[in-house]
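A.B. asks: Using the sequences and the hints, build the whole thing.
2 protein chains.
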Amino acid sequence: MPITLAIDCMGGDHGPSVTLPAAFQFLREDAQARVVLVGLPAVFDDAFRRAAAEFGDRIVVQEASEVVEMDEAPAVAMRVKKDSSMRVAINLVKSGEAAAAVSAGNTGALMAISRFVLKTLPGIDRPAIATIIPSMKGQTYMLDLGANVDCSAEHLLQFAIMGSLLLEAVEHKASPTVGLLNIGEEDIKGNEVVKKAAELLRASDLNFYGNVEGDDIFKGTTDVVVCDGFVGNVALKSSEGVARMITNFLSQEFKRNLLTKLLALIAMPVLKRFKKRFDPGRFNGAALLGLRGVVVKSHGSANQTAYVWALRRAAEAARNQLVERISARMSGYTAASLESTQEGSAA
Amino acid sequence: MPITLAIDCMGGDHGPSVTLPAAFQFLREDAQARVVLVGLPAVFDDAFRRAAAEFGDRIVVQEASEVVEMDEAPAVAMRVKKDSSMRVAINLVKSGEAAAAVSAGNTGALMAISRFVLKTLPGIDRPAIATIIPSMKGQTYMLDLGANVDCSAEHLLQFAIMGSLLLEAVEHKASPTVGLLNIGEEDIKGNEVVKKAAELLRASDLNFYGNVEGDDIFKGTTDVVVCDGFVGNVALKSSEGVARMITNFLSQEFKRNLLTKLLALIAMPVLKRFKKRFDPGRFNGAALLGLRGVVVKSHGSANQTAYVWALRRAAEAARNQLVERISARMSGYTAASLESTQEGSAA
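Sequence lines, in order, name chains A and B.
If you count the first sequence from 1, position 347 lands on 347 in this note's numbering, and the numbers rise without skipping.
If you count the second sequence from 1, position 29 lands on 376 in this note's numbering, and the numbers rise without skipping.
Derived by calculation from the structure, the hints in this document are not laboratory data.
Treat the numbers as computed from the prediction; the structure is a model and nothing was measured.
All C-beta atoms in this analysis are idealised placements derived from N, C-alpha and C, irrespective of residue type, glycine included.
Heads up, none of these hints are tricks.
Derived lysine-lysine pairs resembling DSSO-like cross-links, with alpha carbons at most 27 Å apart:
id : chain 1 : residue 1 : chain 2 : residue 2
1  : A       : Lys255    : B       : Lys608
2  : B       : Lys602    : A       : Lys261
3  : B       : Lys619    : A       : Lys255
4  : B       : Lys622    : B       : Lys602
5  : B       : Lys623    : A       : Lys276
6  : A       : Lys275    : A       : Lys261
7  : B       : Lys622    : A       : Lys261
8  : A       : Lys255    : B       : Lys623
9  : A       : Lys276    : B       : Lys619
10 : B       : Lys619    : A       : Lys272
Partial selection, computed: residues in chain A whose CB lies under 7 Å from chain B:
id : residue
11 : Met136
12 : Asp150
13 : Asn191
14 : Gly214
15 : Asn233
16 : Ser238
17 : Leu250
18 : Thr260
19 : Phe274
C.D. replies: In structure tokens, the structure reads:
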């Protein structure tokens, strides 16, 4: 199925040096795909044009005059830089010229601009970001990682619905299991918001597993783990921190002296396979959910391989009508809750 | 300085098979220490008496008729089992017969019983549990891990004060740095409670570093990391989960075939050093803070070496007057806030 992705070529730590080769690789493997490459005019030089010629009209260039910096305040990026590559890419989704936008830029700015340009779907109070985390069983989708703090139980329910539909659309998994991140498996555990959210989830038509704990994210106990953006951020950053510490310790031990360095060399094939096993690149491509359009955020530090994963996920989400699925399900929920309110007032 | 510890010999996954040899080891290395061993009568058999003879009156046996189960509801353990080994050990702190109690039993029950028997210090709304986490710089003290959910900014300030004083008492570190766990370093980030807590911490006489993120726990950015019990639990469990996943992957890669198994054998000394490097045993012994007595919680799964660490930490906290330090500092805070209230009403 033909699909067009708008790519913010300027975003990320490496900008066009990663995004352009990744776009070429993606076009080579997905014959039905087209891309609109958005960037500063200087990016599209002669070398680029020669390389792009291979793809004919499957590549369209769209110039932008500004770039959102990685550390720029989202509100400033949104209000002041109206011709940023990020904004132009999202405008293309709004106008229907692209089915999805991908950016490795400033997450806060990407969310603010997406929300402002595309708007949220009816029934969604707050868009969320769903990220993919490696687990012992493969991967776990976790949301929110989009800085939604002070969430209500209803927000957590909305995140659960969106996360489930994301898995159905992108991973083709029917009725994915949903876990609610808590501090114990028992129903009585947790804060008030989480207890209320568990009730809403039990009453929903989702495949709700129940409460899960932090280690369940990595055990792969459920397909989706739902939490508020504060807790999600802390869980993710803590996990990254401990992973970095462990690999540092391992590397330090192997570098301790000549003998251990020799051992490292001998054990290299094993260590390489190990490293590959939880290479974050495979899990790149976090979905911004709840908007009237598909937007995928790549890690800022993504290399070409990782960035291609983000492009694949964006194409998959758009082809499988992620937005339409969320919209349809939310309108069902809105209708149902209206009905129950009316029943309540009639009684 | 002479010190007496009350030890709940029944607590933990291994009970007396770990707690008794650990007590002996502790007495051997700390000539000024005495212990009261609390357990079911059957524990103190002939073999025990022969082994204990070495220590003369430095070991006192105190029989208890009940044991709190690891999965027992804290409220039930507290109300029904009035002669549990855990409760008797804490009673000994209350009566002054012991300077500190140590248990590897059910955390919820230990907190509930400690709170009920010992009571909280004036100015402390909620006792907290501070755990020690390995970091790239050595270790980070983190609290709360005691399931205090829905904390206020004032609670977080109290945790920060108690955590600082714990480090001063046990690690002999003057003016330890305190970080507030948040989702970004900027002041504007986070939920309302955390923002307010940052203000209180800035206005306090603590060595407040500012906001820290999940990965800072393992970087060792600050000596103490403060957060509410929900977030702390999720951060800790997530970190344990990812650590387990990584070590599983590593071990799987080394077990993949005959060659890799051989490589594992050759690399064993390095892998062993690596494993030791983040062995949780060294970090065993979480302090229950804010009570009128020293109570230290050992991991349920602690082996003898790990359990001895918990005993050492309990002795250190009691010898360095942890409770008196917290009490003195809190009465200072209470006086100051009373004063500022009076000033406020006078104005």
